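Participant: Below, each chain spelled out in residue letters.
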Amino acid sequence: MTTTPAKTPEFTLDVRGLRLQLPGAARPVLAGVDLTVGARETVALVGESGSGKSLTSRSVLRLLPPGATTEGTVAVQGEDVLTMDAKQLRRLRTHTAAMIFQDPRAAINPLRRVGDFLTESLRLNAGTPDADATERAVRMLEAVGLTDRVLRQYPGQLSGGMLQRVMIAAALMGDPALILADEPTTALDVTTQAEVVGLLDDLRERFGTGLLFVTHDLGLAAAISDRVYVMYAGRIAETGPAEALFEQPRHPYTAALLRSTPRLDAPAGRLAAIQGQPPSLREELTGCLFAARCPFATQVCTEDLPPHLPVPDEPSRLVACHHSDRLADQLAESALHD
Amino acid sequence: MTDTTAAGALPADSADSAGGDPVLDITGLHRSFGSVQAVHDVSFHLARGGSLGIVGESGSGKTTTARIIVGLERADAGRVLVWGQDRSGPAGHGRSTRLERAREVQMVFQDPFLSLDPRVPVGGVLRETLRLHFPERRADHDRRVGELLDQVGLGAREAAALPRQLSGGQRQRVAIARALAVEPAVLALDEAVAALDVSVQAQILNLLGDIRRDTGIGYLFITHDLGVVRCVTDEVVVMRHGRIVEAGRTADVLADPQHAYTRLLLDSVPRPGWNPKLIAAARRAL
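Read top to bottom, the protein sequences are chains A and B.
39 is the number that my numbering gives to position 39 of the first sequence; each next residue is one higher, with no gaps.
Plus 1000 on top of the position in the second sequence (first one is 1) and you've got my numbering.
Just chain B, same shape as in the assembly:
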């Protein structure tokens, strides 16, 4: 691959510093719905084993960007490279190409209850995914199910349970285990911890940190929560009205935001001595 420097949003050396080609290379994405430009000229890349946050409010285009990358949505223009392979546009209709796409980027959604079949026990969910993607390794599936459950901190009791018998945190662990089952290069987490209680959210964030350390998987973290971004990402892009307004290393962006909108987002995080009226005024001024 020769074309990595074309992606301009992040410093060119950010991929190199982690060693080698970026796993995701996004260039000039555009997507309109009617007269609304949901995504406008979005470019960034995700280093191998890196973690990138996409921050923004509703309508910022962060979820549409993620859906284009996963192949759930098509781009009007622009390019998505995964491991240097062009993945722009939807996955197409061939079964094998769709499965191949699924093994590259997996998505975890906010509400695991909506993304799990209520009639299938947890062990069955994982076994079904393995059967679909790795039919040739059938003999190994039982061991692999145990390994995946172990990886997300669940045991035999949870393996036999139906989704409704689990807590929200446990269900999100199942959703993560299912995503990991296909051994993807990238996990796109769309507000994946937003619905969880603080104490459970901390468990899941720590778990995600451990999994990245152990497997070298890359994360695309779509969130509105700057505390979460600080906790689990190396780099961040801030989106507003479909455009990237600021991008860089998470620590730098949060410590010294350059764009007025990033500053507004930071000021909006409630803390003692917080002045909501100043924030409201700053929001109107922007």
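Next comes chain A alone, as it looks inside the complex:
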């Protein structure tokens, strides 16, 4: 593989046509995902369990389930992760992209000191001398608001919020161009969540990293991201700037998800729940995967897979729905009545 270092890729992360098939599943778990993250950009990937959002983010580090077969490309800094050899992959995971998981306690060895954990990757993969690795660990701990005292402590001596800061510091150790955060605040209290999100935002700005934030929380996605991808059953349903997407959803799934979230600023009382459940992987489906639960569905929805088309007058937004215009009309009408 010949690489030209002078050429800087347009996107830090560029996923194109990613398909992922698991043995025994009747349809692909990821069915053609296109997604980009620019430098210093925060992108939210929103979906419910089974939507494929975590698989998408894990495929960026090629952390794939056993037996998975892939098509398409996942380029980080212009290099395709899916075709890397072991050495390149190790380099990617040490220096280029880092992941922060949901539960810090499950992602850290409880029997080893925090300092050991932080410096491990640099010492073993990059051959960095111990003293240099420790020095960087101290700097990164300072960046996340902790002191070097933590180096000598065990994970069990830290609170959940502090431990998630340690995980963020660990992610920063290799000076990555891209941070993948998979529900990094779901296990934390709401006030701690605010602190961790604020910290991630600071660090992204300071170190110029791109951030892919995977979450099920629409409110959080709206609050923190520049752009949002909404995922359903292995496909991107809709994407666009966060504000526009939440104010004027163009996919019925996004609209339904917004209405079913218990929010503080929505009318109290019954929620508009989405009937039914996401399709099982054992079912082979044609057409739009949301059709069975969609109030707008017609015959065309069960027959033809809706392509991703730009929203009229909003070229930065794409939506995969045959009836996007009907949803827009309905939203416009209900806005008139308010």
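Hints were generated in silico from the structure; no laboratory data involved.
If you're wondering where the values come from, they're calculated on a predicted model, not measured in any experiment.
Where a beta carbon is used, it is the ideal one built from N, C-alpha and C, also for glycine.
The reader is advised that the hints may include incorrect statements.
[Unchecked claim] If you only want the chain B side, here are some residues facing chain A, beta carbon under 10 Å, derived:
{"#": "1", "residue": "Gly1124"}
{"#": "2", "residue": "Leu1149"}
{"#": "3", "residue": "Ser1199"}
{"#": "4", "residue": "Ser1268"}
{"#": "5", "residue": "Trp1274"}
For chain A, the structure is supplied; the task is to place chain B on it using the hints.
Facilitator: Chain B only, in chain A's frame:
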């Protein structure tokens, strides 16, 4: 019962407005674990058929409070009255008294997978509960199992399924059906919808609303999610470090919070234009 006004956390008329004695009357609960005061002077009452939210973060004492009420934990001091009967302290060892306690307050936990026997199909779970509590109505159990499943929106196919063959939302419906099987006066729901997807969570919250309307059961809703509190409770107490910092009607507390901590919790809910740095600063100042 003459002593209802002693419970000071809520306005004295809150129980009366719903008609009659409160189903739960909690006064001055204390509980320490070593040097940690997990619950400190907690008092509130739950009106008949009412829904009360206990809001707080981890370590606030909300779960310990609920466990004392259910009888899974003992209080160092304070009193728990259910229908005016003193229920302070654990249930004791007598089989009949324990069953009687169970019929008063039932608990639904966050993860239904951990609270269901993996080898018993759903119908069997409900039948076992009915057999334990109502052996004298044996002839009626089949009908009652069907009724309970219907009440939580499950059918014959789910009745024959094992817990692992169900989705998270369906399992939580089973846990609710099992709790309802003993016809309790109060359901204590400890983060019962926290692990569910948004669309499924909305289905369960609506279901709980319907059940309360139809049966007059009372809810004690332990949660960290203020959106959920707004959706399903009439009254709310906000707990921090084991103490109640604010209490009142849910609509009032959320619209016009009086305590700085309640304001911090409200500000922490992410929304467009949200500023996490201001929240972090406010948290440190508190």
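Participant: Does the structure break any of the earlier hints, and which numbers would those be?
Facilitator: 1, 2
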